[in-house]
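Enquirer: In order, the protein sequences belong to chains L and E.
One point on numbering: in our numbering, the residue at position 435 of the first sequence is 435, and numbering is uninterrupted.
One point on numbering: in our numbering, the residue at position 329 of the second sequence is 329, and numbering is uninterrupted.
Hints are computed from structural coordinates only; laboratory data are not their basis.
Bear in mind that the values here come from a model prediction, so they are computed numbers and not experimental data.
Some clues are possibly wrong.
Identical copies go unnamed one by one, so any copy, or any two together, can satisfy a pair.
Distance condition first, Cα-Cα at most 20 angstroms in a straight line; then the derived SDA-like pairs of lysine to any residue [said to hold, decoys possible]:
#1 Lys292 to Arg436
#2 Lys172 to Gly56
#3 Lys281 to Lys311
#4 Lys235 to Gln308
One-letter residues, chain by chain:
Protein chains: 2
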Amino acid sequence: MEVDHRIRVSDGDGNGETTAGQGGVVGVFFAGCWLRLRSVLAGLWCWVDGFARKVGRIAREDPRRVAHSLKVGLALTLVSVLYYVTPLFKGFGVSTLWAVLTVVVVMEYTVGGTLSKGLNRAFATLVAGFIAVGAHQVANRCGAQGEPILLAIFVFLLASAATFSRFIPEIKARYDYGVTIFILTFSLVAVSSYRVEELIQLAHQRFSTIVIGVLTCLCTTIFVFPVWAGEDLHKLTAANLDKLAQFLQGLESECFGEKAASENLEGKAFLQVYKSVLNSKASEDSLCNFAKWEPGHGKFGFRHPWSQYQKLGALCRQCASSMEALASYVITLQKSQYPEANPELTLKVRMACGEMSSHSAKALKELSTAIRTMVVPSPASITMSAAIKAAKDLRNELSEDAALLQVMHVAVTATLISDLVTTIVKIAETADNLARLGHFKNPEKTQKDVAINIPNR
Amino acid sequence: MEVDHRIRVSDGDGNGETTAGQGGVVGVFFAGCWLRLRSVLAGLWCWVDGFARKVGRIAREDPRRVAHSLKVGLALTLVSVLYYVTPLFKGFGVSTLWAVLTVVVVMEYTVGGTLSKGLNRAFATLVAGFIAVGAHQVANRCGAQGEPILLAIFVFLLASAATFSRFIPEIKARYDYGVTIFILTFSLVAVSSYRVEELIQLAHQRFSTIVIGVLTCLCTTIFVFPVWAGEDLHKLTAANLDKLAQFLQGLESECFGEKAASENLEGKAFLQVYKSVLNSKASEDSLCNFAKWEPGHGKFGFRHPWSQYQKLGALCRQCASSMEALASYVITLQKSQYPEANPELTLKVRMACGEMSSHSAKALKELSTAIRTMVVPSPASITMSAAIKAAKDLRNELSEDAALLQVMHVAVTATLISDLVTTIVKIAETADNLARLGHFKNPEKTQKDVAINIPNR
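Based on the sequences and whatever the hints tell you, model everything.
Expert: Okay, structure coming up:
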C-alpha cells in the first residue's frame with residue numbers, strides 16, 4: 001500500500017525541481033522501475049523462502065546432518081589453534097597448514113568413512129615419503145644436470161603405475177583414496193627435494209601434522225555424536241524388509257482381502273514403496289565398505305558379518321524386482337473387467353494369494369524386528385512355513401486339473417512377455433525423443449516414407 | 001630336480017667340517033628350510049603370476065586405462081617442470097607445489113570428470129579466497145588478541161554452513177568437490193592470514209598455480225587420447241539395449257523356437273545377460289553428470305539431451321526386472337513335466353510368445369543400432385508394431401473363452417506371489433546366517449523350544 005501511495009504522490013504532485021509534465025514522465029519511469037524491482041524482489045523472496053524450507057526439511061529429516069556440519073567446524077577450529085598459538089606453531093612451522101588441509105578432506109559423515117580416509121592418508125603418506133626420500137638419494141648422485149631429469153622420470157613412472165592400480169577393483173574399493181595420496185605425496189616430496197635442503201625434517205613435520213589432522217578428525221567423529229556406518233547399514237536393511245512387508249500387506253488388504261476395493265489402485269502408496277529398495281545398492285555398498293573399517297561399537301563387534309547385509313540386500317532387491325512385475329500386472333488387471341465365469345476357482349486362488357501375501361508380510365515384519373533388536377529370528381521361519389504351505393496347497397489344488405495347470409503356465413510366460421512388450425514400446429518412444437532432441441540423422445528418404453505411411457506409428 | 005639333488009648330497013654325503021651325524025641333522029634342517037622357502041616362493045610366484053594376468057586382463061579389456069595412466073604421469077611431469085626451471089620457479093615460489101597437487105586431485109578418467117573437478121576447484125578457490133581476504137580485513141581491526149578468536153569463529157561458521165550445503169541433493173550432485181575446496185581454501189587463507197604478511201600476493205600466486213594445474217590437466221585429457229563421458233554413456237545405453245535383445249533372442253530360440261531344447265536352461269548365458277543392466281544405474285548417473293560438463297565433441301553438441309539417456313536407462317532396468325521374474329519362472333517351469341493336456345492352445349500360446357520375443361528382440365537390436373549410428377529409429381516402431389499385434393491377437397484369441405482368461409489372470413498373480421515366497425524363504429535363511437555369525441541374542445526360552453519342535457525349520 002505504501003508503494004502505491006508514493007507513486008501517486010510523485011505522479012500527481014510531482015512539482016519540485018521539475019515541471020508537472022516532466023514530473024509525470026519521471027514518475028511513470030520510476031513507478032515502472034519500482035514495479036519491476038518489486039517483482040524481482042518478490043521472486044527472490046519466493047526463492048529464498050523455498051530454499052529455507054528445503055534446508056529446514058533436510059535438517060529435520062536427519063538432525064545428525066546438522067551435528068555433522070558443526071563437527072566439521074569444530075574439528076577445523078581445533079586444528080587451527082595449532083597455528084594461532086605461537087609455541088605450537090614454532091614446532092611445526094608452515095606445515096601446520098597440512099593439518100588444516102587434512103581435516104577438510106578426511107572428515108566424513110560416518111566414523112567408518114573418516115577412519116578409511118584417515119588411515120589411507122596416513123599410511124600412503126608414510127610409504128610415499130620413504131620412497132620419495134630414497135628416489136631423492138638416488139637422483140642426488142647424478143649431478144645437477146641429471147637430478148631433475150631422473151626425478152621427472154621417477155615421478156612419471158610411479159604416477160602412471162599407481163594410477164593404473166586404481167583400475168584394479170579390489171584396490172578401487174578400499175584403497176582408492178590412499179593411492180591418490182600416495183601419488184600426491186611422492187610427487188610433492190620428490191619434486192620439492194630438488195630445492196629444499198632439509199628434506200627429512202620437512203617430511204617429518206608434514207607427516208606429524210597429517211597425523212595430528214587425522215587424530216583430530218577421528219576424535220571428533222568418534223566422541224561427538226558418532227554416526228556409525230555399520231549401524232546405518234543395519235537400520236537400512238531392517239527398513240528395507242519393512243518396506244517389502246508393507247507392499248505385501250497392502251496387496252493383501254487392497255486386492256485379496258474382504259475389503260478389496262474396486263477403486264483405482266494406481267495412486268496407492270503401497271504400490272510405490274518397493275521402489276526405493278530397488279535403488280539401494282549404491283548406498284548399501286558404500287556403507288558396508290565403511291562399516292568394515294569401524295571398530296566394535298554398541299551391539300556390533302569388530303568382525304561383525306557385514307557382507308551378510310549385502311547378501312540380504314541383493315535378495316531384497318530381487319524381491320522388489322518381482323514386486324515391480326506384480327505391481328504393474330495388478331494395475332492392468334484391475335482396469336479390465338471380467339465376467340464372473342469360474343467364481344469358485346477364482347475365490348480359491350484369491351484366498352491363497354491373500355494367505356501367501358499376509359503370511360509373507362508377517363514373516364518379513366518379524367525378520368525386520370529380529371534384525372532391529374538383534375534377536376535370533378526363529379519365529380519368522382514358522383510364519384514362512386504357513387506361506388509355503390498355502391503355495392503348495394494351491395499347486396496341489398490346481399494340479400488336479402492337468403489341462404488347466406498347463407494352460408496356466410504358458411499363460412504366465414505370455415503375460416510376462418507381453419509386459420516386456422509394453423516396456424519396450426516405451427523404450428522405443430524414449431529413443432524417438434532422444435533422436436529428435438539430439439538431432440539424429442534421418443535415414444534415407446525411402447525408409448522414411450514407409451514409416452510415415454504406417455498409421456498409428 | 002636340482003633341489004632334490006642338492007638335498008640328497010647334503011643328507012648322504014654331509015661330511016665336511018662336521019661329523020656325519022651332525023651333518024645329517026644340519027642337512028635335514030636346511031632341507032626343511034629350503035622346502036618351506038620353496039613353497040613360500042612358489043606361493044609368491046603363483047600370486048605374482050595371477051596378479052600379472054589380472055593386470056593384463058584389465059589393460060586388455062580397455063586399453064584406454066593404460067593411456068589414462070600414462071596421461072597422469074605426463075601431466076605431472078609437465079607441471080613439475082615449473083619447479084625445476086629456475087626462472088619459472090622464481091615467479092611462483094613454493095606455491096608451485098599447488099600446481100602439482102592440483103594435477104593429482106583434478107585429473108580424472110573422462111574429460112567431463114576433469115572439467116567438472118577443475119572448474120569446481122578454480123571457482124571455489126577464487127570465491128573462497130576473496131571471502132577469506134575480506135574476513136582477514138575485518139579480523140585485522142580487532143587487535144592482536146581479537147584477531148585469532150574472530151578468525152576461528154569465521155572458520156567455524158563458514159565450514160559448518162558449507163558442510164551442511166553438501167546435504168542438498170542438487171549441490172551434492174554437481175558441486176560437491178567445489179564445496180570441499182571452498183572450505184579448504186577459506187580455512188587455509190583465513191588461518192594463514194594470521195602470520196603471513198603479503199596475503200594478497202600469496203593468494204594470487206596460489207590461484208595462478210592452481211589455474212596452471214587445471215589447464216595442464218585439461219590439455220592432457222582433451223588433446224591426448226580423450227575419453228568422453230558422453231560417448232561412453234551413449235555406448236553403454238546401446239550396449240544395454242543389445243543385452244536385452246540378446247535375452248529375448250535366447251528365449252525365443254531356446255524356449256519357443258523349433259529347436260527348443262529340453263536340456264537344462266539354468267547354465268545358459270542368455271539367462272544371465274540382463275543382470276549387468278540391473279546394476280548399471282550408478283555408472284550411468286555419474287557418466288551423465290560428467291557428460292553435462294563436456295563441450296561439444298564428435299557427433300554430440302554441447303546441449304545434447306543427456307538426461308534422455310537416463311530415462312532410457314530407467315526403462316531398460318525396468319525391462320531387466322521383468323526379465324529376472326521371467327528367467328526364474330522359465331527355469332522352474334522347465335524342471336516340471338506336464339502331460340500334453342491341451343496341445344492346441346499350448347502351441348498357439350507358445351507361438352505367440354516366440355513371435356513377441358523375436359519381434360521385440362529385433363526392435364531392440366534396431367534401436368541400439370539406431371542409437372549407435374545416431375540415425376532416427378523409425379523402422380524400430382514398425383517392428384514393434386508386429387510384437388504388439390502378436391500380443392493383441394493372443395489376447396483376443398484367449399478372450400473368446402472368458403472363463404479361461406479369468407483363471408489365467410488370477411493364476412499369474414498367484415505365480416508371481418509364490419515366486420516372492422521363494423525369495424522370502426531365501427531372505428529368512430540369510431537372516432538366520434546373519435544372526436548366527438553376528439551372535440544375535442536368543443529369544444526367551446519358551447519361544448526357542450517351540451522353534452525346535454517344528455520339523456524342517
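Enquirer: Can you list which hints this structure breaks, lowest number first?
Expert: none
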